[in-house]
Amino acid sequence: MLKEMFLAGLGAVSLTKDKLEEIAQELIKRGELTAEEKNNFINNALSSVNKQKQIIKDKAYENFQQLAKEANLVTRDEYNLLLERVAELESKINQSNIDNQNL
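Position one of the sequence shown corresponds to residue 1 (UniProt numbering), numbered consecutively onward.
Mixed in with the good hints there might be a few duds.
[Claimed, not checked] Below, computed lysine-lysine pairings styled on DSS-like, alpha-carbon distance capped at 30 Å:
id: 1; residue 1: K92; residue 2: K53
id: 2; residue 1: K19; residue 2: K29
id: 3; residue 1: K69; residue 2: K59
id: 4; residue 1: K29; residue 2: K17
id: 5; residue 1: K17; residue 2: K59
id: 6; residue 1: K19; residue 2: K53
id: 7; residue 1: K17; residue 2: K69
Treat the hints as calculated values from the structure; they're not laboratory data.
Whenever a hint applies, use it, and build me the whole structure from the sequences.
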């Protein structure tokens, strides 16, 4: 699934403004696009490319999270929560030690 998604998005996200300029010029030559529509065409295409990049990035992140979960790896968020819990417990232990010394 990841491979198909990657290959499907690769063509779309590899489009650059220069390549879109070339495509627009070719469409103008064929009469499928007017010179006035050129900038709108390029902006729409670039917007679409950026959306596709974000979709691929989000999907890759989801797939990575799933793989990490299946491998029982700790995520960064889980690790940070554990650090917070350890700090909280250390604080309670230190406070308890201070309270016991004052008795």
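When the hints from earlier in the document are held up against this structure, which numbers fail? 1, 7
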